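From the two separate chains plus the hints, produce the assembled complex.
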Amino acid sequence: MGIDNIWVFAQAADGAPTTGTLELLTKARSLGSNVSAFIAGDGTAEASALGDHGAAKVYATGDLGGVLPGVAVSSAMKTVIDGGDTPDLIMFPQSYEGRDVMSRLSVKLDRTVLTNSTEVSVDGDSVTVQTPIFGGAKLVNSTFTGEVPHLAAFRPKSFAAEAGAGAAGEVVSAPVPDLGSTGGATVTAVHVEETSGPKLDEAAVVVAGGRGIGEAEKFEMVENLAKLLKGAPGASRAIVDAGWVPYSYQVGQTGKVVKPTVYIAAGISGATQHMVGMKGAKNIIAINKDQEAPIFGIADLGIVGDVHKVLPQLIAALESR
Amino acid sequence: MHVIVCVKQIPDPALPGELDPTTNTLKREGKLILDESDSYGVEMALQLVAAAGDGEVSLVSMAPNDEVSGLRTALAMGAAKAVLVSDPTLAGADALTTAKVLAAATKKLGDADLIIAGTESSDGYTGTVPEQMAEVLGLPSVTFAKTVEVADGTLKVDRQTEEGYDEVTCSLPAVVSVTAGVVEPRYPSFKGIMSAKSKPVENVTAADLGVESVSWAQQIVSVEDAPAREAGEIIEDDGESFNKIVEFLDELKVI
Ligand SMILES: Cc1cc2nc3c(=O)[nH]c(=O)nc-3n(C[C@H](O)[C@H](O)[C@H](O)COP(=O)(O)OP(=O)(O)OC[C@H]3O[C@@H](n4cnc5c(N)ncnc54)[C@H](O)[C@@H]3O)c2cc1C
Ligand SMILES: Cc1cc2nc3c(=O)[nH]c(=O)nc-3n(C[C@H](O)[C@H](O)[C@H](O)COP(=O)(O)OP(=O)(O)OC[C@H]3O[C@@H](n4cnc5c(N)ncnc54)[C@H](O)[C@@H]3O)c2cc1C
Numbered sequence: 001m002g003i004d005n006i007w008v009f010a011q012a013a014d015g016a017p018t019t020g021t022l023e024l025l026t027k028a029r030s031l032g033s034n035v036s037a038f039i040a041g042d043g044t045a046e047a048s049a050l051g052d053h054g055a056a057k058v059y060a061t062g063d064l065g066g067v068l069p070g071v072a073v074s075s076a077m078k079t080v081i082d083g084g085d086t087p088d089l090i091m092f093p094q095s096y097e098g099r100d101v102m103s104r105l106s107v108k109l110d111r112t113v114l115t116n117s118t119e120v121s122v123d124g125d126s127v128t129v130q131t132p133i134f135g136g137a138k139l140v141n142s143t144f145t146g147e148v149p150h151l152a153a154f155r156p157k158s159f160a161a162e163a164g165a166g167a168a169g170e171v172v173s174a175p176v177p178d179l180g181s182t183g184g185a186t187v188t189a190v191h192v193e194e195t196s197g198p199k200l201d202e203a204a205v206v207v208a209g210g211r212g213i214g215e216a217e218k219f220e221m222v223e224n225l226a227k228l229l230k231g232a233p234g235a236s237r238a239i240v241d242a243g244w245v246p247y248s249y250q251v252g253q254t255g256k257v258v259k260p261t262v263y264i265a266a267g268i269s270g271a272t273q274h275m276v277g278m279k280g281a282k283n284i285i286a287i288n289k290d291q292e293a294p295i296f297g298i299a300d301l302g303i304v305g306d307v308h309k310v311l312p313q314l315i316a317a318l319e320s321r
Numbered sequence: 001m002h003v004i005v006c007v008k009q010i011p012d013p014a015l016p017g018e019l020d021p022t023t024n025t026l027k028r029e030g031k032l033i034l035d036e037s038d039s040y041g042v043e044m045a046l047q048l049v050a051a052a053g054d055g056e057v058s059l060v061s062m063a064p065n066d067e068v069s070g071l072r073t074a075l076a077m078g079a080a081k082a083v084l085v086s087d088p089t090l091a092g093a094d095a096l097t098t099a100k101v102l103a104a105a106t107k108k109l110g111d112a113d114l115i116i117a118g119t120e121s122s123d124g125y126t127g128t129v130p131e132q133m134a135e136v137l138g139l140p141s142v143t144f145a146k147t148v149e150v151a152d153g154t155l156k157v158d159r160q161t162e163e164g165y166d167e168v169t170c171s172l173p174a175v176v177s178v179t180a181g182v183v184e185p186r187y188p189s190f191k192g193i194m195s196a197k198s199k200p201v202e203n204v205t206a207a208d209l210g211v212e213s214v215s216w217a218q219q220i221v222s223v224e225d226a227p228a229r230e231a232g233e234i235i236e237d238d239g240e241s242f243n244k245i246v247e248f249l250d251e252l253k254v255i
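Chains as they are written, first to last, in my numbering: chain G, 1 to 321; chain S, 1 to 255.
Don't read these hints as lab results, they were simulated from the structure.
Note that this is a predicted model, so its numbers are computed, not measured.
Note that beta-carbon positions come from the ideal geometry of N, C-alpha and C, so glycine has one too.
Treat the hints with care, as some may be off.
Cross-link-like lysine-lysine pairs, in silico, DSS-like; alpha carbons within 27 Å at most [what the hints assert, rightly or not]:
no., chain 1, residue 1, chain 2, residue 2
1, G, 227, G, 309
2, S, 244, G, 259
3, S, 31, G, 157
4, S, 191, G, 218
5, G, 108, G, 138
Over the 10 Å line for every Cβ pair with chain S, so calculated as not near, a few chain G residues [said to hold, decoys possible]:
no., residue
6, 13
7, 65
8, 81
9, 84
10, 110
11, 143
12, 146
13, 157
14, 168
15, 183
16, 218
17, 247
18, 254
19, 291
Next up, chain S with everything else stripped away, as it sits in the complex (with noise of 0.2 Å):
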């Protein structure tokens, strides 16, 4: 079975965004890291192929700048080789963009029997490439899997709902996005982490894809400061503050 899994490499989200003042899009310069909702996607690829018995995981991303660290982190974790899309010309691209470049870059790693991604990134969070990834690529989906198995060529998916699960099954090939949590992503070994030093990575820009009119019909016009919420009064408990709290929701009438 032969999985791909999208990956995208991301400023570590902990340190606090920035925009760049011309653009206006997200700064991205400096090292990159996995998305952690993509972890989920590589350990579950993995998972599946381990159950299947043969076959192997493969990466497609978009990145600027050639880069790769991310990349590396789940070829560690197992994933046998990659494509990294990598063009100025790509930069500030949208999520239907993004997705016409990773669906082109998924057909130079071979047939899929099926491609996972995250349900959104932790950066732009559109939640939309997969889906429209699925759309290129004239392939059926299943969005918001909470568990994946593939039996007799058939994926079974619990798909989150906004009241519970549905049970879905789905022929093959296909696209997936996995919610956050599904699997224990695993952490790479220190063999990993020196054999993903050699594994192959593919460089290509939109051009060598045959991506052809790069642009997108959308523009930031402007950004401003939201109006902030101002900091109430903050008390120290000294073993009487929930009557604070009583009078206060007496005050609001919602005892």
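Bound-form chain G, shown alone (with noise of 0.2 Å):
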């Protein structure tokens, strides 16, 4: 047998999929042969990238109506199964609404899930995942030990996307069947925050603050730092919490995972949750007052100072260059 139908959930932005999405599908055309996506919408602007990726089939829902993802999707895949496509694996991203596929599919099919993982491998007819704990300093592998569709949540950038696999994705109508009661919230309508400047997700460089910023008017000074490096501010959930900055700039475990060719961090301690979303920067500058803070520990450079002192000095050499 072996492991070899695997499904991606993906998610798109704008007739796009998602990196996230990507990532997943490069990852699953590694690991068997019949990959297939399974997307919310009707899925035809979005078939050639995925397919491109591994997806040689695209399950499609057509529109939701405004019915939200996580009970649409998830009954729209049980009726595929049902239908008798039984994948042996199912990938989501650890997102929003990957999560919440992933939560109500496990009840349908009633199987486990492992969650936050960041690579997975396949020997026979057996799935271990590997999930960082503890900040990232362990590594827990686990296993399926039930019958398949396993399901798995994928923590963003454990694996690199990859073009190349070829055509568009053959789209396969896979509509929502009646929800009943448990189809009762809809959306009515959409905020999206405006940002200038390049996603924090995507920014090749990263400026972070923190706490030790002091005041939200202050937070200035890593947007200003940010835009003169074309990257992007980022904040620890401490001054996230405390209404500074909005929600989208939390990096971390309850936040984004960031991956830039740099990060600084300013003002930041380096809890373990706030580490999760960074660790895997490729250079790491920090600053801050206290030459026992955690982030230190895993600083290419560390400046023991003042952010008030440090970042206007820094801003103001790289503005006369």
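Here you go:
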């Protein structure tokens, strides 16, 4: 038998699959020869990118009409599985929608879930996933011991997305069945926060500020430095919770995972939950007045100093170049 | 209005976590506390009931060794009663089993208009339990709620998204998971702490709830140390250290 038929829950924005989706497809095609994407919407705009990353087939639910994807997509998946196409493994992004679809499906199929994984391997019929715990200090390897389909969710940037798999995926309709009492939630309006510059999780440079910045107004220093370096500003949860910056700035376990070329942490202590979101940066620069701050344990360049002195000097030096 | 809040009792997250060397599961000995992630749900529930003008907040929790410290904190904040599932056969349970157990436990508390949970716990953070509970109970759900309001028997939620937020309406009863920071959890008053001691907490086992076949299809096979990231050069700022950063950025060709 072996693990061969793999589905990836695909997410898209503005007609293009998300990078996270393409990462999972790339990994999926290295594990099995029969890879399908499962997407909310009609799938036509995304089919070629999905195919080029490994999806020979694109199951598409059609327009969800405002119903939240969790219940709708999982029901459509269940219908396809009941119809005879049973995947061995379904890979989900550890995103809002990925989590919801996987959770609903796990109950419908009575299957366990493995979450927050960053690696997966297949050995015959056995699927093992790896999950970092304690802020990435330890790696836990877990296997599924039950029947397929196995359900696993992966943190963003666990794999590299590579095109070149081939033709557009064949779009196959997978309509949402009647949701009964579970379909009661509908989206009535969508609000998009305006951002300029590169996206936090795609920027080559991230400048992140923490509680050491002192007050909301001073976050301007972080934004100015980010702009000068053509990067994106980020934040620790401490200052998101304090309301200084929106949640979309948060880096860490409950925020975004970033892997930039350079990560500058200003006034951030380096809590384990923050570090899981930025440890993968190629280079880390930390500025903190406390030389015992854990962030220095992973910094390539650490400055023991006051952000209110160092950042303005750095900004002035870069402006004068 | 009757609101049930799921509250997880966890080891203090400020203490370093430890794995049991034989089972490889998280050690949960010693005093457990109310997961901060759930203090928001408790506060939200109390505010919704206050706004409705009548009703009460009740709690469900699954925790080892009949642990009630975290529940008492939530009762002291103002919840009326609780069901605690404590059962050695549930040690190391997966999220799906946890959801089945908690869903069954809510039935002990009578009909709920709303069930509130955190978006993810501080110690296990699978982030799947609330949505799994909703499916077990056959209810609609709204996850990642930033604001929650009930008007004319309908739930109105601002739901966090990757790009901003969505306005969502939902029929009741429903399950909602709330993000951290949605409301400011109150500190229990002295009176609250005193009265919490006599509030009813019903202890039950999985069998009492009719949850059979307590088993889960995942197994930890090994735990390894992650490759450590080496610390680099650490220097004391002497007023010129910004030059070091400029040099470093220059070397990396980002400027
Ligand atoms: C379940 C859970 C999930 C979490 N998820 C996340 C997450 O996704 N992301 C996240 O970031 N956190 C997360 N946290 C919170 C995390 O544990 C920390 O509380 C948080 O990261 C701390 O933020 P901070 O470093 O800004 O603040 P602090 O820990 O307070 O650190 C401030 C630092 O600034 C330094 N400082 C102060 N003044 C100056 C100055 N003038 N110049 C230079 N340095 C100065 C101090 O020395 C200190 O090191 C989570 C916690 C839990 C329990
Ligand atoms: C590091 C680590 C990783 C784990 N990974 C996995 C995994 O990949 N898959 C898996 O199936 N299990 C996993 N587990 C086990 C999992 O944590 C437990 O099954 C737990 O009982 C429920 O999951 P959670 O804490 O992740 O819940 P989450 O879904 O993160 O919790 C969300 C909310 O659900 C409610 N809730 C959750 N548990 C309880 C409870 N016991 N009592 C009351 N309310 C509760 C709370 O409101 C909470 O805020 C892991 C445990 C650890 C320590």
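Can we confirm that no CB of chain S comes within 10 Å of the CB of residue 291(G)? 7 Å, violated
Status of residue 13(G), Cβ more than 10 Å from any chain S Cβ: 8 Å, violated
Given the proposed pairing of residue 108(G) with residue 138(G), does the C-alpha separation stay at or below 27 Å? With a Cα-Cα distance of about 32 Å, the restraint between residue 108(G) and residue 138(G) is violated, given a limit of 27 Å.
Check on residue 157(G) being off the interface with chain S, judged by Cβ distance over 10 Å: 14 Å, holds
For residue 247(G), is the shortest beta carbon distance to chain S beyond 10 Å? Answer for residue 247(G): violated, closest chain S Cβ roughly 6 Å.
Chain S versus residue 146(G) - minimum CB to CB distance exceeding 10 Å, so not interface: 3 Å, violated
Beyond 10 Å on every Cβ pair: is that true for residue 183(G) relative to chain S? With a cut-off of 10 Å, residue 183(G) comes too close to chain S, as the shortest Cβ separation is near 6 Å.
Non-interface claim for residue 110(G), where every Cβ of chain S lies beyond 10 Å: Its Cβ does come within 10 Å of chain S, the nearest being 8 Å, so this is violated.
Verify that the Cβ of residue 143(G) lies farther than 10 Å from every Cβ atom of chain S, and report whether the claim holds or is violated. 5 Å, violated
Regarding the assertion that residue 84(G) does not contact chain S, is the least Cβ-Cβ distance greater than 10 Å? 22 Å, holds
Exclusion check [residue 81(G) not at the chain S interface, CB over 10 Å]: 15 Å, holds
Distance rule for residue 168(G), whose beta carbon must clear each one in chain S by more than 10 Å: 26 Å, holds
Against the hints set out earlier in the document, violations occur for numbers 3, 4, 5, 6, 10, 11, 12, 15, 17, 18, 19.
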